[in-house]
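Peer 1: Produce the complete structure using the sequences and hints provided.
Read top to bottom, the protein sequences are chains V and P.
Everything in the first sequence is counted per my numbering, starting at 1 for the first residue and increasing by one.
Everything in the second sequence is counted per my numbering, starting at 1 for the first residue and increasing by one.
Simulated crosslink set (BS3-like; lysine-lysine; CA at most 30 Å straight-line):
# : chain 1 : residue 1 : chain 2 : residue 2
1 : P       : Lys97     : V       : Lys68
2 : P       : Lys97     : V       : Lys69
3 : V       : Lys181    : V       : Lys61
4 : V       : Lys128    : V       : Lys105
5 : V       : Lys223    : V       : Lys181
6 : V       : Lys181    : V       : Lys115
7 : V       : Lys115    : V       : Lys128
8 : V       : Lys111    : V       : Lys69
9 : V       : Lys54     : P       : Lys97
Each pair of labels, with its calculated beta carbon distance range:
#  : chain 1 : residue 1 : chain 2 : residue 2 : range
10 : V       : Arg107    : P       : Thr82     : 30 to 36 Å
11 : P       : Arg140    : V       : Arg133    : 43 to 49 Å
12 : V       : Thr134    : P       : Gln116    : 54 to 60 Å
13 : P       : Glu91     : V       : Leu232    : 38 to 44 Å
14 : V       : Glu72     : P       : Arg140    : 57 to 63 Å
15 : P       : Leu66     : V       : Glu72     : 34 to 40 Å
16 : P       : Glu122    : V       : Lys105    : 51 to 57 Å
17 : P       : Leu108    : V       : Lys61     : 49 to 55 Å
18 : P       : Leu158    : V       : Ala230    : 56 to 62 Å
19 : P       : Arg242    : V       : Lys105    : 30 to 36 Å
20 : P       : Arg165    : V       : Glu72     : 23 to 29 Å
21 : P       : Ile4      : V       : Glu72     : 55 to 61 Å
22 : V       : Thr134    : P       : Arg89     : 31 to 37 Å
Because the hints were derived from the structure by calculation, they are not lab data.
Even glycine gets a Cβ: it sits at the ideal position worked out from N, Cα and C.
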Amino acid sequence: MLKINQLEVAYGDIQVVWGIDLEVPPQSTVALLGPNGAGKTSSLLAMMSLLPIKAGAVQFKGEDISTKKTHEIVESGLVLVPEWRGTFATMTVLENLEIAAYTSKARPLQKQTLKEVFEIFPRLEERKMQKARTLSGGERQMLAIGRALMLQPELLVLDEPSLGLAPLIVDNIFDVIAAIKNRGVSILIVEQNVQLTLESTDYAYIIETGRIVQQGPSAELLKDDRVVEAYLSL
Amino acid sequence: MNIILQNIVSGLLVGGVYGLAALGLSLAFGVLKVLNIAHGELIMFGGYIAFFAFSAIGVDPFLSILIVFPVLVIFGLVLHGTLFTHIVRFEEEDRIKNSLLIGFGLTLILQTIAIQLFSADERSILTAYSSAGFELGGIRFPLIRLGALLLAIVSVVLLEIFLNRTWAGRALRATSENWQTAALNGINVRQTYFIAFGLAAGLAGLTGVLLATGFSVAPSIGLQWTLKALIVVVLAGLGSIRGALFGGLLLGVAEALSAYAFGSEYREIIGLIMFVIVLSVRPQGLFGGDHA
Chain V
1 MLKINQLEVA
11 YGDIQVVWGI
21 DLEVPPQSTV
31 ALLGPNGAGK
41 TSSLLAMMSL
51 LPIKAGAVQF
61 KGEDISTKKT
71 HEIVESGLVL
81 VPEWRGTFAT
91 MTVLENLEIA
101 AYTSKARPLQ
111 KQTLKEVFEI
121 FPRLEERKMQ
131 KARTLSGGER
141 QMLAIGRALM
151 LQPELLVLDE
161 PSLGLAPLIV
171 DNIFDVIAAI
181 KNRGVSILIV
191 EQNVQLTLES
201 TDYAYIIETG
211 RIVQQGPSAE
221 LLKDDRVVEA
231 YLSL
Chain P
1 MNIILQNIVS
11 GLLVGGVYGL
21 AALGLSLAFG
31 VLKVLNIAHG
41 ELIMFGGYIA
51 FFAFSAIGVD
61 PFLSILIVFP
71 VLVIFGLVLH
81 GTLFTHIVRF
91 EEEDRIKNSL
101 LIGFGLTLIL
111 QTIAIQLFSA
121 DERSILTAYS
131 SAGFELGGIR
141 FPLIRLGALL
151 LAIVSVVLLE
161 IFLNRTWAGR
171 ALRATSENWQ
181 TAALNGINVR
191 QTYFIAFGLA
201 AGLAGLTGVL
211 LATGFSVAPS
221 IGLQWTLKAL
231 IVVVLAGLGS
241 IRGALFGGLL
251 LGVAEALSAY
261 AFGSEYREII
271 GLIMFVIVLS
281 VRPQGLFGGD
291 HA
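Peer 2: This is the structure in C-alpha cells:
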C-alpha cells in the first residue's frame, strides 16, 4: 500500500533523515518507533509533501506521490493525523468534522461518515457545538482522528497519538485505532510509547538519528533483548 | 447636544467606508499572511472605473458595483498569479516582509499608471441625488453616505455567510488558521490563496465606488486609504470580519468627534493615537481574540 524508498529529508543544510525504507502492506498495522528527534515526524511530513524530499521516493497504491501536492495525496486516501493534532481551534467540533469531508471523494459521504464518527466518539457529539479550543487533550485527539476518518482514509497515519494524554485515555485511543483497523483501513503509527504500540501492531520499524536500525514483526520485537533493553526496561 | 449627535452620525456614515476598506486588507492578511500595501491603489482603481462608467455611459454608481467588483476580482487574481503567489511559498514571517516590498513597488507603478491614464485631477461622481438627504430629529442623513454604510453592512453580512456556510469559505477560514492543517484536510491551499486575494481586491473595488460617490478619487489617494484600512484592522483585530466593520465605525466616530472638539486638523491624528494605544495595550485588537 505504502512504500518508502531511501527517503532523505533535510531542513536546509541540516539533514535529519538518511535514507529510510519502510513498507505498509494492505490491511496491516505498522509502527515506526524511536526517540525524540529521530526523524519520525520529518519523514511523515515529507511523505505528505509538507516538507521537501531531498532524495528517495514515496509510492502509495503503486503510484509515485513524491511530486504530488498535499491535498492530492490526501484525496488519494493517505491521511495524516499530525503531531499538532490538526484541529481548527476557532471552529466548532461539528465544523471541524464537516470541513474534513472537503475532498470530492469524501463530500457525498459526509452525513453518513459523520454519523459513524459520532458512534465511535459519542463524546464528540455531546460537544459538537463547542469550539475545538475548549476541548481537553483527549477530546482533541478524538476530534483529530474523527476528522481523519471523515476524509475516507485507506491508509491512516497517526503521529504520536498518545502524546500528552493520560494513560487511561491512551488505552481508549488505541482501542479506537484497533476498531478503525477492523474496518479495513491500514494504519501507520508513529510513537514513543513502545510497549503499547508493539502490542497493537503487526510489524514495526525502529528509527534512530534518521536511520532504520531495526525492524521485524512486532511480537518478535517485544521479546528482542536489544529492544527490551533500549526501550522497555525501566 | 445636536451637534455632537450629528457628528456621531456623520462619523458612523463615514465609518462604514473605513470598515469596507479594511475588510479586504484583513481578509488577504488573515488567509495569505500577506500585507498588500497596494490595497489603497486597488480602491483607487475601483473608484475610477465607477467614475468613468458614470461619466462615459451614465451607469449609476450603486449599479456600477456589478462591473467594478468582477473587474477588480480579475485584477486581483492576475496580481496574485504574477506577483504574490511567489512569496506564499515562504515561511509566514518572510511573507510579510516580501509582500511589503512587492506592495510598495506595486503602489508606485499603479499610481503612475493612474496619472498617465486619468491625469492627476480629483474626480467625483455627481448624481442627481448627490446632495439629497433627510432630517430626523434635527440630524441630517445624506442619502449617499447612508447608501455607503448600507453597502458596507451588506458586504460584511454576505462575506460572513460565505465564510461560514460555503465549502470555499470554510476553506478560507481553515487556511487562515493553519495552512498545513488545511492541506491535510484535502484543501487546495494554492487555490484558496487565489480566492482570498481575488475577493480582497473585489472588496477594495467596492470601497472605491463609495469613494468616487461620497468623496473623491485621485491617483494619490491610495496610501491614505491603505493607512486607514491598516488602522481599522489593528483596532478590530486581524481576521475579524465583523470587527472590521465595528472598527471602521469606531474610527469614523472618533475622527468626527475629535475634529469637532479640537478642530479638523486633528482628524487624522486620533486614528494614529488609537492605533498606538491598541497595539501596546491590546495587540490582538478590540474585537480580536476570537478571530475568524
